[in-house]
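Use these hints to put chain F onto chain X, whose structure you have.
If you read the protein sequences in the order shown, they are chains X and F.
For the first sequence, the residue numbers in our numbering are 1 to 231.
For the second sequence, the residue numbers in our numbering are 1001 to 1231.
Worth flagging that the hints you see were computed from the coordinates, not collected in a lab.
Check each hint, because a few of them may be wrong.
Dumping the calculated DSSO-like pairs for lysine-lysine here, alpha-carbon to alpha-carbon at most 30 Å [claimed, not checked]: (1) F:K1004 with F:K1014; (2) X:K53 with F:K1047; (3) F:K1120 with X:K53; (4) F:K1004 with F:K1120; (5) X:K221 with X:K17; (6) F:K1014 with F:K1093; (7) F:K1004 with X:K87; (8) X:K53 with F:K1218; (9) F:K1093 with X:K53; (10) X:K129 with F:K1218; (11) F:K1047 with F:K1120; (12) F:K1047 with X:K225.
As the structure is a computational prediction, the values presented were derived from the model and not from experiment.
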Amino acid sequence: MSLNTEFIYNTFFLVLKGVPVTMKIVGVVLLISLFFGFLFAVVRTNSNGIFSKILGVYVSFARGTPVMVQIYLIYTALPTVLAPYFKEKGIAFDVYSIKGMTYAYFIFSFGMIPVMSEMFRGALSSIDKGQLEAAKAIGLSVIQGYRRIILPQALVKTLPVLCTNITGLVKLSSLAFAVSVFEIMGIAKTEGAKYTCYVEAYLIIAVLYVALNLGIEVIFKLVEKRIKIYA
Amino acid sequence: MRFKLSTFFEYLVKLLPYLKVTFTYAGLSLVFGIVFGFLFAVFKLGKSRILRGIANVYTAIFRSVPPVVLLFLVYYGIPMAAEAITGKSMGRKEPILFVIITVTLLATASLTEIMRSAYKSVDKGQYEAGVSIGLTEIQTFFRIVFPQALLYALPSLGNLVIYLIKEGSLGFTIGLVDIFGKANTLNQNTYSNHILEIYIALATIYWVVAIATEKLLKYAEQKVKRELGRA
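Extracted from the complex, chain X is given alone in its bound form (with noise of 0.2 Å):
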């Protein structure tokens, strides 16, 4: 077995620059995941209301189904029945004009922000509510009490599983080319296929995965030292 050197140098630093668009599919992907994750763990554990049905079944089939299904339905099959029916209806918009980056934000954001919100619903429910209740006792409002009061220990409870959730979508960001972004996963599978090195390309992007992760994973019990005089 002989693996070719020159190839693996030259694309590893053709990958490199795949790794700012990976980031920026987490960092934004992250934020979205993170605000509707919060929003409803907090419908969910303070109502049983329809709305907090509907989404009980949207966590459901998020979890539930592959992520590339998803994309199938969403990337592949939507457009080709939403041109048409536009078309029909007169409405001026090009279906085939949303980016590839657009669609990456969307996809894997509907598939994290279950993750997010079970995890945000763990260290919610793992507060005692005697805590927002002394809160209001006192005088707080209810936001000020879930602020000053429930969230920051709530946040100390939910670095680790955070820290897996965020390597789970670096991983998943891998997923991208499929939209057809280049990102890591992407520039390595056209520059293996273009000079069939497959195995060096996808060797070459699973230690950068593995690094990026563990580089993650390292950030996070940096953070977990220093925060748990707060818990």
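Frame of chain X, contents of chain F only:
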């Protein structure tokens, strides 16, 4: 183009037989994963520094690498390595083989962690109590420690099975004809005329399997609880 319920059911029925392939790779990977995962969990809990190191490196790598990258690496790398070692070409005619290897590698990493934390969840006093009333070490493990550890591990086990099915669904990218692969073929054969019905049928099958798996594991949990007299 409109969504037609009759067409949806027609494809649902056409896809269902291929679920056999999905269950085959998920089932086999789970069994292999339990065997290797048990081995690595023993390494991690054991006294040998070298074995502990090996297990730690293994789980660190295989929990950090994206499944799709691993699948391609296995698909291209293993025949290359096999040819270098044996001098004979093994070919890539059986995609399911590579899917099983990939999913087993992933399952092993997860199961190592699941089994390790399940074992640790059982209080040491339980073991000591078992031995002190005259049970042998093996009897104590199987009658006292194992059932309690199993109860602890069951929820994670359910999530794992869903995870294995979802990650293995990437098999179509290397030519595996499971429900996903079959859905793609059906879509191509009908020139994407029934694209929405086909992929909604596909998503439905995955979703139902995930829900059924969850229900089954909940039932198993109740059963173990009753056996332990904790219900």
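Is the straight-line distance between the alpha-carbon of F:K1004 and that of X:K87 30 Å or less? holds (20 Å)
Between X:K221 and X:K17, does the CA-CA distance stay at or below 30 Å? Given pair X:K221, X:K17 holds - Cα atoms ~27 Å apart, limit 30 Å.
Do the alpha carbons of F:K1047 and X:K225 lie within 30 Å of each other, as the hint requires? holds (27 Å)
Mind checking the alpha carbons of F:K1014 and F:K1093 for me, to see if they're no more than 30 Å apart? Holds - the C-alpha atoms of F:K1093 and F:K1014 are around 24 Å apart, at most 30 Å.
Does the alpha-carbon distance linking F:K1093 and X:K53 stay inside the 30 Å limit? Violated. F:K1093 to X:K53 sits at ~46 Å, over the 30 Å cutoff.
Does the structure keep X:K53 and F:K1047 at a Cα separation of 30 Å or less? violated (49 Å)
Check whether the Cα positions of F:K1120 and X:K53 lie no farther apart than 30 Å. violated (36 Å)
Restraint status (C-alpha distance of X:K129 to F:K1218 at most 30 Å): Status holds; Cα separation ~27 Å.
Are F:K1047 and F:K1120 close enough, with their CA atoms no more than 30 Å apart? Holds: F:K1047 and F:K1120 sit about 15 Å apart, inside 30 Å.
Verify the proposed pairing of X:K53 with F:K1218, using a straight-line Cα cut of 30 Å. With a Cα-Cα distance of about 20 Å, the restraint between X:K53 and F:K1218 holds, given a limit of 30 Å.
Has the given pair, F:K1004 with F:K1014, been kept, meaning a C-alpha gap of at most 30 Å? holds (16 Å)
Are the Cα atoms of F:K1004 and F:K1120 separated by 30 Å or less? Given pair F:K1004, F:K1120 is violated - Cα atoms ~53 Å apart, limit 30 Å.
Of the numbered hints stated above, those contradicted by the structure are hints 2, 3, 4 and 9, listed in ascending order.
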